[in-house]
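Trainee: Here the protein sequences come in this chain order: A and B. With this note's numbering, the residue at position 379 of the first sequence is 1556, and numbering never jumps. With this note's numbering, the residue at position 463 of the second sequence is 1640, and numbering never jumps.
It is worth saying that the hints were derived from the structure and are not from the lab. Heads up, some of the hints might be wrong.
Over 10 Å on every C-beta distance to chain B, these chain A residues come out as not near it, computed from the model [stated by the list, open to error]:
1) E1253
2) N1258
3) R1284
4) T1302
5) T1360
6) S1384
7) M1400
8) K1412
9) A1465
10) A1466
11) L1505
12) G1514
13) S1565
14) T1605
The calculated label-pair distances, taken between Cβ atoms and stated as ranges, are [to be verified]:
15) D1349(A) x E1372(B): 28 to 34 Å
16) F1207(B) x K1592(A): 49 to 55 Å
17) K1545(A) x E1372(B): 52 to 58 Å
18) A1183(A) x R1478(B): 30 to 36 Å
19) S1513(B) x R1428(A): 47 to 53 Å
20) R1428(A) x G1198(B): 31 to 37 Å
21) T1404(A) x D1574(B): 33 to 39 Å
22) Q1463(B) x A1183(A): 31 to 37 Å
23) V1425(B) x E1457(A): 44 to 50 Å
Just so you know, even glycine gets a beta-carbon here, dropped at the ideal spot from N, CA and C.
Here is what each chain is made of, one letter per residue.
Number of protein chains: 2
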Amino acid sequence: MTGACADIDAAGYWSVECWGGATYDACIRFLNEDPWHRLRTFRELLPNSRLQMLLRGQNLLGYRHYEDTVVNRFVERAAANGMDVFRIFDALNDLRNIETALRAVRRTGKHAQGTVCYTISPVHTIEHFVDLAEQLVEMGADSICVKDMAALLKPQPAYDLVRGIKQRCGEDVRVHVHVHATTGVTLVSLMRAIEAGADAVDTSISSLSLGPGHNPTESLVEMLEGTGFSTRLDKARLLAIKEHFATVRPRYAEFESNFIGAEAEIFDSQIPGGMLSNMESQLKQQDAAARIKEVMEEVPRVRRDAGYPPLVTPSSQIVGTQAVFNVLMGRYKVLSGEFADLMLGYYGAALAERDPEVIAIATQHAKKEPITCRPADLLSAEWDNLLSSTNALEGSDGTDEDVLTYAMFPQVAPKFFSTRPDGPKNLTRQTPAPVPAVIGPEPVQTPVSYDVTFNGRTHKITVKPG
Amino acid sequence: MTGACADIDAAGYWSVECWGGATYDACIRFLNEDPWHRLRTFRELLPNSRLQMLLRGQNLLGYRHYEDTVVNRFVERAAANGMDVFRIFDALNDLRNIETALRAVRRTGKHAQGTVCYTISPVHTIEHFVDLAEQLVEMGADSICVKDMAALLKPQPAYDLVRGIKQRCGEDVRVHVHVHATTGVTLVSLMRAIEAGADAVDTSISSLSLGPGHNPTESLVEMLEGTGFSTRLDKARLLAIKEHFATVRPRYAEFESNFIGAEAEIFDSQIPGGMLSNMESQLKQQDAAARIKEVMEEVPRVRRDAGYPPLVTPSSQIVGTQAVFNVLMGRYKVLSGEFADLMLGYYGAALAERDPEVIAIATQHAKKEPITCRPADLLSAEWDNLLSSTNALEGSDGTDEDVLTYAMFPQVAPKFFSTRPDGPKNLTRQTPAPVPAVIGPEPVQTPVSYDVTFNGRTHKITVKPG
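Just chain A, same shape as in the assembly:
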């Protein structure tokens, strides 16, 4: 990425999302690269850009809730290392899981963007999303992001939602719209969002765009000609960035998804592509691949029983796995620990009432009571423990950044700290691997003669194929 930074820095972007989400995990799990070093590199190479990150609220970049001190420390260190814009979301849209992180960002003087996760269900309305946006503004958010991770935001709702937020919160409240391209409709949705007053929309450079990713930046720029709207982007810079990544991308061909065209059936199934392939592989492991249709019909039921959570990490995996369990072993005969936690409120509140019978099963299964408080309120101070555990690890360097790495990835961090001095690994293929025309050696078809020395004497031995 470093080779494109000079062009990115001068292209005119409002911000550059370059950290957080799964990038931290990928750095330490696969690349032997310190994510904090990466952040400082971006800060150095993008001196004129706002750096932006995606933060999973009280989960930070990990997969559980953290106590407030850890959240505060993470935000403070990210800001100190160069982060400018924190886009903060919660998978259940439970704003109590966003509040600590948002206030921490405000204390650093950086930009705190409150996020509404968009989804479709019988209980999710434009009105509800606008309410959430209003509460985020009241909480102190500097701007609002509408996050459509599953590409479900159609043009008309995009217009209604952005217009609704502007009308309720004020025309001067910045609204950013983040969509994926998966279903093929969302560039049209961005056009309508812009007409409704959106201040920024998220895209990616064309050579890394489309499929499960984002819409192409250059197409957005061209699309606006003659509409009265425009971007401030420099087309020559965009072309240079495009060409850079067009060269890079083929080296990662083995990591490409099998995505073809567009997946508009997500609108009906409510099952994002990544979730579907997860469920398929779970079924395959149980020799039950043929039951995928049953599982796809079970997902909306499980989602209803859980109070219609948006399907995004981690709720998509939790709901999907439980649907597989229900089909293979009978409905709610077996519960995953995570699904029990979801039903009992340990991830936060749901929009709709959860099914009381399933709550009762979850209570029995998990041997704990449902909660209605903010999940993190149940956690006791943990920083000192994390600090001493981290300092005990070979290769840890005593910084708060290392403590945070260990806190979020306790399984992966010890190995990473110990191998960190070796430096980052390059996982690309410099040239694409050739596909062999013939797999393995040709089978032997004719008799083969060997000279075999046996008890000191050499014999000519001929062997016919077995």
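Starting from the known structure of chain A, fit chain B onto it as the hints suggest.
Mentor: This is chain B only, laid out in the frame that chain A set:
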């Protein structure tokens, strides 16, 4: 394709484009398949659908102008074999090259769609395209198609163009919009075209969509929700068609283009992707690959000198090749025969005045004078010659259809007629080549018996794995 026809026939499409363009050429050149047999197969398998074809006006499906009798005979045979809708265009938008075919379609009672090729240049205006549409309606066209083969039609011009045609020609004149997805903006253009009153827009099923192809059908259907517009398409049928072609497409993986994402820079260079790769390969053959930037700057000059033709087959190849010649050998030092013909009017009229100096060079080079008449007016009756030439070929069957095949593809037809009895060839890989986790034979797990000859005597020897 036959496996998807039942679903296609019941899906609710206004028409199914399934013949013409390059499909005829591909049938006889690569597939050893009679294109007329293919047409009759579609007619049989799609009894409730309008079959549609793309016809290059006076060029039919070939690469030169044909005398009117040949054009009339082609249209008559296509209609008799089952074609319903003829979409007729000319690469230069010279309507005199469309008229004979259009009148021939009218005589058969089938649907004659007059086509306007969309392009961008200093002389091409919405007003001009609307004028063309009006002339086509006056000529007897049953409907108008706006054909955007290079994906240059942006949302605002799409609106203005469709609205302009409707206002000038009447709201009841059907307007169809055909765009490619190449630049990434055109689904938005279709939305705006629909808002302007377009009656039909062209898409392809998602598993065959995007890249240099079309926008995904299913995305269009979903996009319209809540907008007041809708299609009559059956989503369950679309899903079945999608899944069918998602299985078929990987078998043709070796024929895929290297297209990634979107190519918005076409708006500036005016050079469609296919034209660019043509020029690159021409330069490479001359060991001059490094001069591609000079050629790209030369293309707009050559296009200006030729009176700003739209860049579509064959004008794109003619202009591109001349630009390569100009860079390698000096401007207009060497002319291709086709470029001389283009400059002298032998492909038809240009919108802007052609450069008089280049016309003079072309006159000298081709040893013929510029013309202003309809090019086909210079041709003398040719059917009888074509008939006797065809009948002299081994394997020809004496039908008008065979004469037309020979007329359009005189180099390819003789071989095709002689091999036709062998039937169509399948060029797919039936199953994708498996990517082996380990390259090499499976380890031996069970005892294997061998016949071993040792000092002239044969023994049965059984070996257990070590």
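Trainee: It remains to establish, for every hint, whether it holds in the given structure.
Mentor: Quick rundown of the hints versus the structure:
Every Cβ of chain B is farther than 10 Å from the Cβ of E1253(A); the closest lies at roughly 38 Å, confirming the non-interface assignment. Annotated as non-interface, N1258(A) keeps its C-beta farther than 10 Å from every C-beta of chain B; the closest such distance is 31 Å. Residue-level check passed: R1284(A) sits 40 Å from the nearest beta carbon of chain B, beyond 10 Å. Against chain B, the non-interface label of T1302(A) holds: every CB pair exceeds 10 Å, the least being about 13 Å.
T1360(A), annotated as away from the interface, has a beta carbon of chain B within 10 Å; the closest lies near 6 Å. Listed as outside the interface, S1384(A) is inconsistent with that label: its C-beta sits roughly 5 Å from the nearest C-beta of chain B, within the 10 Å cut-off. The Cβ of M1400(A) does not lie farther than 10 Å from every Cβ of chain B; its closest approach is about 4 Å, which violates its non-interface assignment. Residue placement check: K1412(A) does not keep its beta carbon more than 10 Å from all beta carbons of chain B (closest about 7 Å).
Every CB of chain B lies more than 10 Å from the CB of A1465(A), the least distance being 20 Å, so the non-interface label holds. Against chain B, the non-interface label of A1466(A) holds: every CB pair exceeds 10 Å, the least being about 16 Å. Every Cβ of chain B is farther than 10 Å from the Cβ of L1505(A); the closest lies at roughly 24 Å, confirming the non-interface assignment. No beta-carbon of chain B comes within 10 Å of the beta-carbon of G1514(A); the shortest separation is about 32 Å.
The non-interface label for S1565(A) is consistent with chain B: the shortest C-beta to C-beta separation is roughly 43 Å, beyond 10 Å. With a minimum CB-CB distance of about 16 Å to chain B, T1605(A) clears the 10 Å threshold, and the non-interface call stands. Separation of D1349(A) from E1372(B) is about 29 Å and conforms to the stated range, judged on CB atoms against 28 to 34 Å. Evaluation of the 49 to 55 Å hint for F1207(B) and K1592(A) yields a pass: the beta carbon distance comes to about 54 Å.
About 55 Å separates the C-beta atoms of K1545(A) and E1372(B), a value consistent with the hinted range of 52 to 58 Å. Remark: the range hint 30 to 36 Å for A1183(A) to R1478(B) is upheld by a beta-carbon distance near 32 Å. Taken as a hint, the range 47 to 53 Å is violated for the pair S1513(B) and R1428(A), whose Cβ atoms sit roughly 39 Å apart. A C-beta distance of roughly 36 Å is found between R1428(A) and G1198(B), which places it inside the suggested range of 31 to 37 Å.
Here the CB-CB span from T1404(A) to D1574(B) is close to 56 Å, at odds with the stated 33 to 39 Å. For Q1463(B) and A1183(A), the hinted distance range of 31 to 37 Å is satisfied, since their beta carbons lie about 34 Å from each other. A hinted range of 44 to 50 Å is violated for the C-beta pair V1425(B) and E1457(A), which are about 21 Å apart.
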